[in-house]
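> Sequence:
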Amino acid sequence: MRVRDGDTSEVIAATQGSGGSSVTVEFTLEENTIVNILVEETGSGSGFYSIGVYNGLNAVAATYGIWLFIVPAIVIAVIGVVAYRVKSGGKTPDDQELQVEAPEFAIPEKHRQREETTDIRTLRLPAKCPSCGASLSQEDIDWVGALEAECNYCGAVVKARLEML
Numbered sequence: 009m010r011v012r013d014g015d016t017s018e019v020i021a022a023t024q025g026s027g028g029s030s031v032t033v034e035f036t037l038e039e040n041t042i043v044n045i046l047v048e049e050t051g052s053g054s055g056f057y058s059i060g061v062y063n064g065l066n067a068v069a070a071t072y073g074i075w076l077f078i079v080p081a082i083v084i085a086v087i088g089v090v091a092y093r094v095k096s097g098g099k100t101p102d103d104q105e106l107q108v109e110a111p112e113f114a115i116p117e118k119h120r121q122r123e124e125t126t127d128i129r130t131l132r133l134p135a136k137c138p139s140c141g142a143s144l145s146q147e148d149i150d151w152v153g154a155l156e157a158e159c160n161y162c163g164a165v166v167k168a169r170l171e172m173l
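Each step along the sequence shown adds one to the number in the working numbering, with nothing skipped, and position 104 is 112.
Treat the hints as calculated values from the structure; they're not laboratory data. Glycine included, every Cβ here is placed at the ideal spot set by N, Cα and C. Where hints are given, some of them may not hold.
Simulated restraints, written as ranges between beta carbons of each label pair [unchecked claim]:
no., residue 1, residue 2, range
1, N160, R132, 11 to 21 Å
2, E147, Y72, 53 to 63 Å
3, P138, V89, 22 to 32 Å
Input sequences plus hints: build the corresponding full structure.
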């Protein structure tokens with residue numbers, strides 16, 4: 009068996025014969041550096057084995073390989089997405105609302121506009137049905153009561169919100 013420096017191909021140590029199922033080769037490294045070792049079996053069996061002798065951070069990199077970079081990158085990306093969502097107020101398209109014109113009976117009696125008042129009120133519905141997720145518009149709903157509309161797709165009752173303009 010011969011042991012070579014994987015970078016320079018210099019023979020570091022050698023033994024005679026195959027020596028059974030395991031062979032011990034002793035050698036001394038003259039410098040405290042990273043060494044890539046190439047083990048070449050020269051006895052009855054044949055083959056090449058690449059062995060790394062590492063220290064410090066190089067041992068961690070050799071153990072975990074590419075995962076050492078992928079996992080932190082994923083964690084940083086997730087943190088970035090969460091921070092962006094928090095900063096943007098967390099509003100998703102599902103949270104959007106739709107301003108609609110409603111018939112008189114859909115507005116509670118105490119909130120109906122009177123000529124003597126100057127405040128203008130409007131009704132707001134979710135842009136999507138909370139039950140089936142269908143997009144809602146003035147044509148996609150039927151008013152069934154005060155501040156209540158029915159989704160024409162699934163029949164769910166959608167609550168409207170009265171808002172002053």
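> Run every hint past the structure and note whether it holds.
Hint check results:
Taken as a hint, the range 11 to 21 Å holds for the pair N160 and R132, whose Cβ atoms sit roughly 18 Å apart. With their beta carbons about 58 Å apart, E147 and Y72 fall inside the hinted range of 53 to 63 Å. Separation of P138 from V89 is about 25 Å and conforms to the stated range, judged on CB atoms against 22 to 32 Å.
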